[in-house]
Structure formats: C-alpha cells, structure tokens
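Number of protein chains: 2
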Amino acid sequence: MRALARAITLVERRDPSVRDLEAALRTQARAPGVAGFTGAPGTGKSTLVDAVVALLRQKQRSVAVLATDPNSPFTGGAILGDRIRMQRHALDTKVFIRSMGARGHLGGLSLATREAIRLLGAFGFDEVILETVGVGQSELEVAAVADTTVVVLTPNLGDSVQMIKAGILEIADVFVVNKADIDGHLRVIAELRAMLNLAPRQGWKAPIIATVATRQDGVEQLWEAVLAHRRHLETTGRAKELAEKRLRDETAEVAAELARQRARQALEEDPRLAERLLEDGTPYRTAEEILKRSANR
Amino acid sequence: MRALARAITLVERRDPSVRDLEAALRTQARAPGVAGFTGAPGTGKSTLVDAVVALLRQKQRSVAVLATDPNSPFTGGAILGDRIRMQRHALDTKVFIRSMGARGHLGGLSLATREAIRLLGAFGFDEVILETVGVGQSELEVAAVADTTVVVLTPNLGDSVQMIKAGILEIADVFVVNKADIDGHLRVIAELRAMLNLAPRQGWKAPIIATVATRQDGVEQLWEAVLAHRRHLETTGRAKELAEKRLRDETAEVAAELARQRARQALEEDPRLAERLLEDGTPYRTAEEILKRSANR
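Each protein sequence line maps, in turn, to chains U and B.
Note that our numbering has the first sequence beginning at 1, numbered continuously upward.
Note that our numbering has the second sequence beginning at 1, numbered continuously upward.
Simulated from the structure, these hints should not be mistaken for laboratory data.
It should be emphasised that the depicted structure is a prediction, and the values quoted were computed from it without experimental measurement.
Check each hint, because a few of them may be wrong.
PhoX-like cross-link-like pairs, simulated, lysine-lysine; straight-line CA separation at most 25 Å [stated by the list, open to error]:
{"hint": "1", "chain 1": "U", "residue 1": "K205", "chain 2": "U", "residue 2": "K245"}
{"hint": "2", "chain 1": "B", "residue 1": "K205", "chain 2": "B", "residue 2": "K240"}
{"hint": "3", "chain 1": "B", "residue 1": "K292", "chain 2": "U", "residue 2": "K245"}
{"hint": "4", "chain 1": "B", "residue 1": "K245", "chain 2": "B", "residue 2": "K205"}
{"hint": "5", "chain 1": "U", "residue 1": "K205", "chain 2": "U", "residue 2": "K240"}
{"hint": "6", "chain 1": "B", "residue 1": "K59", "chain 2": "B", "residue 2": "K94"}
{"hint": "7", "chain 1": "U", "residue 1": "K59", "chain 2": "U", "residue 2": "K94"}
{"hint": "8", "chain 1": "B", "residue 1": "K205", "chain 2": "U", "residue 2": "K292"}
{"hint": "9", "chain 1": "B", "residue 1": "K245", "chain 2": "U", "residue 2": "K292"}
Interface residues of chain B toward chain U, partial, derived using beta-carbon atoms under 10 Å [stated by the list, open to error]:
{"hint": "10", "residue": "R118"}
{"hint": "11", "residue": "A210"}
{"hint": "12", "residue": "A259"}
{"hint": "13", "residue": "R260"}
For every residue, glycine included, the Cβ atom is placed at its ideal position computed from N, Cα and C.
Modelling step: build the complete structure from the supplied sequences, incorporating the hints.
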C-alpha cells in the first residue's frame, strides 16, 4: 500500500521517474474496470460511493477510490475530511482510497488519473471508482477517463434543469436518483426519462436507478447497470476503441506537458533566449527552437 | 483589411505559416491597448462595447473588436448575429470586428487571441477590445490576455452573488453596472462596494462605473477608468512585467501545442509506433520518443 501511495505521488507531481515506473509495470499491467461518479455537491455522491465499495467487498472484488478535485492543489495523498466515513475500510487492504488534485495544470488531472489507474491495475486492483469532488469541468474530465460515467442527482436540488445546460446528458451512461426517499423523486425520474427520450443516444440507453445510499437501497441495481454498460462496451468493440483513443490522447497530452516544462526551463536557464523573446516578440519561433534543442540533450 | 482578416484566419487554424508572419511583422509591431469585457449574457455587454467603439472613433482612435467564444468551433471570420448592430461601423476602415472561436483546443483561444493582437498592432490598430461571448472559462481567458478586465453587471440578473463564486473579484480591474436606469442599480453598486472593501486588492482599487449603454451614458467615465488602470500598470512597472510573463506563457503554450500536434501526427503516420503504444501502454516513453524524433526533421 505504501509503495502504491508513493508511486501515485510521483505521478501527481509528474516526476520524470514516471517513465521508469511505466516501463517496469508494463508487463504486469491489467486494466481495472473504471466507473466515474459525478454530480453536484449535496447529492450524497460520497455516501453512494461508500455503499458501492461495501457491495464490491461483499463480492470479493478489490477496489480503489480516486477522489479527484480539479480545483485543489496537489494533495500529496492527504485524505479529505469527508473520507472519514470511509474509515470502516481502513484496515481492509483490498480497499485503497486516495484524493488527487491538480490545480493549474491544464489536462494535468486527467493525465495523473490515467497513470494512477494503470498503477492500480498493476497492483492488482479489480475496480477503480473515480469520484469528482469539485464542480465545473470535473464531469467532463471524469467522462474522459472512466469507462462508465454515473451521474448522481437528487430530488431536492433542482438538478434536472441545470444538467441539460452542462451537456451532462451526453456523458451519462447511468443515471442515479439518490435520496429516493425524499418527495419529488418520481418527478425527477419522469423528467429525466422525458429528456432522454427527446435526445436518444445511439446504441446505449442510459438507465435511471433510484437509490437511498444511506440504507444501501438500490446499490446492487446500480452496480448491475454499470456492469451491463461495461458488457455493452465489450460486445460492441467500443471498449477496445476507447482504450486506443485514450492512449493516443494521453500520449499527445504527455508530449504537450513535456514540451511546456521544457520551454519554461529553457527560458529560465538561458537568459539570452529569454531576452530575444522579449525584444522580438516571437513565441512561435522560440518554441520551435526550444523543441529542437531539448531533443538533443 | 482583407490581408488582416486572412492573417487572423491562419492564426486561428494554427497554420505553420504563423511563424513566418510573426517574423515578418516583428519589426513593425506596436503593442495596442487591450481591454477585455466580460459578463453574463443579457448584461448588454455587446451594446456597451459598441458604445465604447463609438467613443474611441470620436477620439480618432482606431479600434479592433475580437469577440471570443470558447464554446464555438473556428468561425473562419464569420460575423456573429449580434454583430449586426455594429454595421454602423462597416464602412469605417479604422474599425475591425472579428469573431474568434476555438472549441476543443486547450489554451487554443488565448493563444490565437494573443497572436491576433500582435497582428492588429502591426496593422496599426490603437485599441483592441476583447469581448467574451460564451460563459464559463471565458472570463479567465480574457483576464489572462487583456491589460484591463472590465466586468459588466446589471441590476436585474442577481449577478453579484454569482460573481464571488467564480472568483471574478480577483480579475476585475473595472466594474460596470450597466442598465443603470433599472431599479436596483444602487443596491448592486452598494453590494459590490461592500464586497470590494472586504477583499481589497493591493495597489489598485477597482472603480465601479454606472452606465446606460443604449444612451451612451457613463461610457466616457468608463473609458477614463480603463485609461487610469492602464496608467497604473505603466507607472508601477506592472505593464512590463505582465508583457514579459505573457510572452513566456505563450511560448510554453505554443511549445505544448506543437508537441501535441506532432504526437498525433506521428501516431498516425507510424503504425509501428502506434501498435507498440497500444500493446505496451507506455504513453510517457512514446511521447518522449516522438519529441526526440520530430526535432531532427
């Protein structure tokens, strides 16, 4: 567990040794199933994730939870306040919980998350659950990394209208209406169904699952829906396509990140280069020169 | 005007010839003043920008308006529907109006905007006004590029509360309460003032200007506030610092963008490289190899 935690810290920091880690783990890498949980604060998302973890442990599956917060700086593995309620898994070595943050790194969070998922696979974890903590872009980041995106709503937050705005319909593979013991849950489900019928997605119809996470109600059905979506991806060949697309995207993003770092470093270490840039105002030429140079190091 | 429009199209497409353009214009480049206008839809931002353009023309200043929409694809210079009301400047060669979009390009919009500003300077424009059309990240993009960021509010939209959330206080150099003929504008101004007093910014106190853009009321005062902020940047040396920081950032972003493009191209053109990536799952190593290779082309 400590080795894994350290490895993820290296990944978060984009330490150059990630490359060596990557090479060393290559042969043992197995792809875990990745489900992302997203939704507004107050929807009971963390409680739901906790309930899913409990279910997976009953089924003898090992599970890692990555709580990602794009608005936080690197957390260095610190466990968030609301992780306290997951302490019931603290002694279970088949449960790994970790917060990740990456403020200010364009694309940094999804890069670090992908690398962390590969590490978790190599360390033998069967399932990875991504939980967004922040708001804003985080839903899209999760959808870009997870195989199955679960969108969590509640009857009392008036989410259904907001949702359409944010384009959530396009990324949701499974809908959960949590807190289904509150008045109004049937209305939310009906609204959602109407909306999904208006804008049907090809091939896969996102199911709507009602849950009461605090009572473990509906959690089994939720996980069934996640597995059904996973089978759908497998049988249609979409799983392989997605995996390939992600590796290509990730390579392009790693290349961009490396180039960005090299440019900053070159401008810091070479005063003449920096001076000329400031005098001439030629970022394009300077960037090309830096890329040429750094290759020959 | 046509040469300028074409040059901006090249910049938007990140055409490799941007480098040559950059080099050719280098000697004639002058830095125009850049003011960014941001605010929620419905605040009358476009009408206000139109009023500022009219004022600047009275003052014999040439002016370019870049309407940026991070949620749109490249517009290829198409003029947005709401630009129609700016047709009164259509025959004025000292006014240049252009919509820019860059959906899906991380950092692409601010890169293209910076390059376009340099072009506008080389073509002799005195003032550039950036207007955000979209919502979301666009405010931050504008603040990263503009010398002076003007945040537009109205009495009727309940913006003042939303604002704090989005961290707008930190980026606003000038506040405008537009539609100041509507009930409630004094309350918005008072709330805003209270908020600014709670979180004072060092060195510069953002003034609050009341305007009725449709009647040209307060526009002169608004422009005075923009000029006062510009003088503040000059006298404190902050203007030079900002210009330098932006050129460094821009170089790093151009390097990242070039690397990203090269990685995608390499994976497309070299099936063996792509195959190994998919088999081994080693994006880090693959990215490094691609950067090494592309340098020796």
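Broken hints, numbered, in rising order?
Hints 8 and 11 not satisfied by this model.
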